[in-house]
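S.K.: Each protein sequence line maps, in turn, to chains A and B.
Numbering of the first sequence is given in the UniProt record's numbering, commencing with residue 1 and proceeding in unit increments.
Numbering of the second sequence is given in the UniProt record's numbering, commencing with residue 1 and proceeding in unit increments.
Any given hint could turn out to be false.
Claimed, not checked - One-sided and incomplete, this derived list gives chain A residues near chain B with beta-carbon spacing under 7 Å:
#, residue
1, Q151
2, P170
3, S277
4, F285
5, V287
Said to hold, decoys possible - Pair by pair, the computed Cβ-Cβ distance ranges are:
#, chain 1, residue 1, chain 2, residue 2, range
6, A, D247, B, G262, 39 to 45 Å
7, B, L103, A, L78, 54 to 60 Å
8, B, Q206, A, L218, 22 to 28 Å
9, B, R284, A, W206, 33 to 39 Å
10, B, A300, A, L158, 43 to 49 Å
11, B, A300, A, L48, 33 to 39 Å
12, A, D247, B, H170, 44 to 50 Å
13, A, A261, B, D69, 46 to 52 Å
14, A, L140, B, Y212, 30 to 36 Å
15, A, A261, B, P89, 27 to 33 Å
16, A, W206, B, A300, 40 to 46 Å
Hints are computed from structural coordinates only; laboratory data are not their basis.
Heads up, the beta-carbon is just placed ideally off N, CA and C, and yes, glycines get one too.
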Amino acid sequence: MSRATYTPATRTPPRAPRLRFGRTPVRSPLGRAVVRHAMLLTVIAIMLYPLFWMVGASFRPNNEVFTTLGIWPSNFTLDNYTEGWTSGQFSFSRYFLNSLVITGLSVVGNVVACMLAAYAFARLDFPFKRVLFAIMLGTLLLPYHVTLVPQYIMFSELQWINTILPLVIPKFLATDAFFIFLMVQFIRVLPREMDDAARIDGCGYWGIFRRIIVPLSLPAMGTVAMFTFIFTWNDFLGPLLYLSRPDMWTVAQGLNNFVDATGQSAFGPLLAMATLSIAPIVGFFLVTQRLLVEGIATSGLK
Amino acid sequence: MSITDSTRARASTSDQATPSLSHRRRQRRRAPGEAVAGYLFLSPWLAGLLFLTIGPMVASLYLSFTDYDLLTAPRWVGFDNFAQLFSDPRWIASVGVTLTYVLFSVPGVLIVSLAVALALNKGFRLLSAYRAAYYLPSLLGSSVAIAILWRQVFGDQGAVNAVLDRIGIHMGSWIGSPDTALYTLIVLNIWTFGATMIIFLAGLRQIPTEYYQAAAVDGAGKIRQFRSITLPMLTPLIFFNILLTTVNAFQAFTPAYVISEGTGGPANSTLFYTLYLYEQGFTRLEMGYASAMAWVLVVALGIGTALLFASARYWVFYGDER
Numbered sequence: 001m002s003r004a005t006y007t008p009a010t011r012t013p014p015r016a017p018r019l020r021f022g023r024t025p026v027r028s029p030l031g032r033a034v035v036r037h038a039m040l041l042t043v044i045a046i047m048l049y050p051l052f053w054m055v056g057a058s059f060r061p062n063n064e065v066f067t068t069l070g071i072w073p074s075n076f077t078l079d080n081y082t083e084g085w086t087s088g089q090f091s092f093s094r095y096f097l098n099s100l101v102i103t104g105l106s107v108v109g110n111v112v113a114c115m116l117a118a119y120a121f122a123r124l125d126f127p128f129k130r131v132l133f134a135i136m137l138g139t140l141l142l143p144y145h146v147t148l149v150p151q152y153i154m155f156s157e158l159q160w161i162n163t164i165l166p167l168v169i170p171k172f173l174a175t176d177a178f179f180i181f182l183m184v185q186f187i188r189v190l191p192r193e194m195d196d197a198a199r200i201d202g203c204g205y206w207g208i209f210r211r212i213i214v215p216l217s218l219p220a221m222g223t224v225a226m227f228t229f230i231f232t233w234n235d236f237l238g239p240l241l242y243l244s245r246p247d248m249w250t251v252a253q254g255l256n257n258f259v260d261a262t263g264q265s266a267f268g269p270l271l272a273m274a275t276l277s278i279a280p281i282v283g284f285f286l287v288t289q290r291l292l293v294e295g296i297a298t299s300g301l302k
Numbered sequence: 001m002s003i004t005d006s007t008r009a010r011a012s013t014s015d016q017a018t019p020s021l022s023h024r025r026r027q028r029r030r031a032p033g034e035a036v037a038g039y040l041f042l043s044p045w046l047a048g049l050l051f052l053t054i055g056p057m058v059a060s061l062y063l064s065f066t067d068y069d070l071l072t073a074p075r076w077v078g079f080d081n082f083a084q085l086f087s088d089p090r091w092i093a094s095v096g097v098t099l100t101y102v103l104f105s106v107p108g109v110l111i112v113s114l115a116v117a118l119a120l121n122k123g124f125r126l127l128s129a130y131r132a133a134y135y136l137p138s139l140l141g142s143s144v145a146i147a148i149l150w151r152q153v154f155g156d157q158g159a160v161n162a163v164l165d166r167i168g169i170h171m172g173s174w175i176g177s178p179d180t181a182l183y184t185l186i187v188l189n190i191w192t193f194g195a196t197m198i199i200f201l202a203g204l205r206q207i208p209t210e211y212y213q214a215a216a217v218d219g220a221g222k223i224r225q226f227r228s229i230t231l232p233m234l235t236p237l238i239f240f241n242i243l244l245t246t247v248n249a250f251q252a253f254t255p256a257y258v259i260s261e262g263t264g265g266p267a268n269s270t271l272f273y274t275l276y277l278y279e280q281g282f283t284r285l286e287m288g289y290a291s292a293m294a295w296v297l298v299v300a301l302g303i304g305t306a307l308l309f310a311s312a313r314y315w316v317f318y319g320d321e322r
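Work out the full structure: start from the sequences and follow the hints.
M.R.: This is how it looks when you write it as structure tokens:
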């Protein structure tokens, strides 16, 4: 779509006959819609091209990877996948298993811990609540650098290096305040009448939490679970710090090590493994994108 | 009018619907056991706050005045680490790289995301598909896989050079040249504008259409409407997005690490602050020095955030009515 379409050199009179599409401002609603869709689609195509290229290249013979700009592989092959999967000291089965365990525990921990804290902030009254809530919001803006070194020292004193504990335990302690905030926003607008009804029926705080708040908050919990999954799956610095033994590595580490080990020679297998490493994220996204997009719109989560 | 504001507004309207109840709730004494229950529910988060945030912050403040390598006990050195920072060429380089990255990618992300949000804010049928397609990269941007892909796309024989070749421009590797390497990372950050765009889009949908109708009646054109209605109404979200994007940009690590193979090269051109901190703290085990670096960052970001908040009353418009 040419730029002239939407930056016309001169203003044409409203009734001027349209000589050539693209030289005059498009005035009909249909024309404008076409132009808008064309622009939006062009930007999407440019943005997503690298991703599609990577997927296509991963199915090409290794010697063709560099030479083709197209997306569809003409000589379809799965060699890159079989070669890449077992290339390292440990196969990617190991890395995927490690990533799955860490990510799964992180999701459970984060959802439970954030939900507990969010219920307290959204519904209960206790001394210093406002101060603590302000501190919670403050930790949103705190750069993680300042806790990195002492946490490492602490975890190494605890003999937790080369275990998954330094990656998983913080999730059970709700250290990511974004998720608490997201859930507080959600629980706040749930009708309080249900709490009152449950209280009259003899529920304590735990009962209200378990029987009223949790079932009503399932959408928010789903959003938090998806984001935790994606962030943990992508996390690289954490595993890099705490998992130095190759049999403990996550997918991200295995992939990074693959770069160092192969350089340019095995680009096909590298792209194949890179494709596999983001496949779970893209898959989850396609299934749950409505949940994710609504979550981000209510909390500004990134 | 931000989303959170509207949620709060909705909450307060439902309170007003039952004025006697909400009045009583505000005045009533805390129910017996409520304080205990509150702290019990909060206990995992409180433990995390104490042991994983506040404790380590204090420890790192102490370590920043010491020489510590994890093996021998910390040795007090006063302000030596801080003095050393300002004469460390790599530290100065890392500050320059990080500031350049922030100064280019934050406005880049904001402008692109606002432009796309405006284009999408027409309520057509394929909206959710477009939204999803624009949003996807922001989920992948911090992954090792995308950093590897970026090395390829901006590499010697990558897609960018292949396109440029066809129009007769011959470039070397964008990743391999100190003049361009950082800009490939800025492009990567702008590529992940989708999350910011969705926040803008949600904000645009909250602007009452009556405002535009009234302005059109008064003869305001599209550009005038944008400047006098859309932009002021969005300022709370612009503020919020500047804050979030900036904080995130300062924390970037993975792409620079993967693209430069941990070195911050070529010629320190991708030596992000975080990357240098990682190198000092965990490759060279200069943990005192790394802690000093962390505290300088916290103080600098704290001042920056305070200035941003102070500036808000001059340009952020909080509507006095819904």
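S.K.: For every hint, state whether the structure bears it out.
M.R.: Comparing the hints with the structure gives:
| no. | hint | in the structure |
| --- | --- | --- |
| 1 | Q151 | holds (5 Å) |
| 2 | P170 | holds (6 Å) |
| 3 | S277 | holds (5 Å) |
| 4 | F285 | holds (6 Å) |
| 5 | V287 | violated (11 Å) |
| 6 | A/D247 - B/G262: 39 to 45 Å | violated (21 Å) |
| 7 | B/L103 - A/L78: 54 to 60 Å | violated (45 Å) |
| 8 | B/Q206 - A/L218: 22 to 28 Å | holds (26 Å) |
| 9 | B/R284 - A/W206: 33 to 39 Å | violated (49 Å) |
| 10 | B/A300 - A/L158: 43 to 49 Å | violated (31 Å) |
| 11 | B/A300 - A/L48: 33 to 39 Å | holds (36 Å) |
| 12 | A/D247 - B/H170: 44 to 50 Å | holds (45 Å) |
| 13 | A/A261 - B/D69: 46 to 52 Å | violated (29 Å) |
| 14 | A/L140 - B/Y212: 30 to 36 Å | holds (34 Å) |
| 15 | A/A261 - B/P89: 27 to 33 Å | holds (31 Å) |
| 16 | A/W206 - B/A300: 40 to 46 Å | holds (44 Å) |
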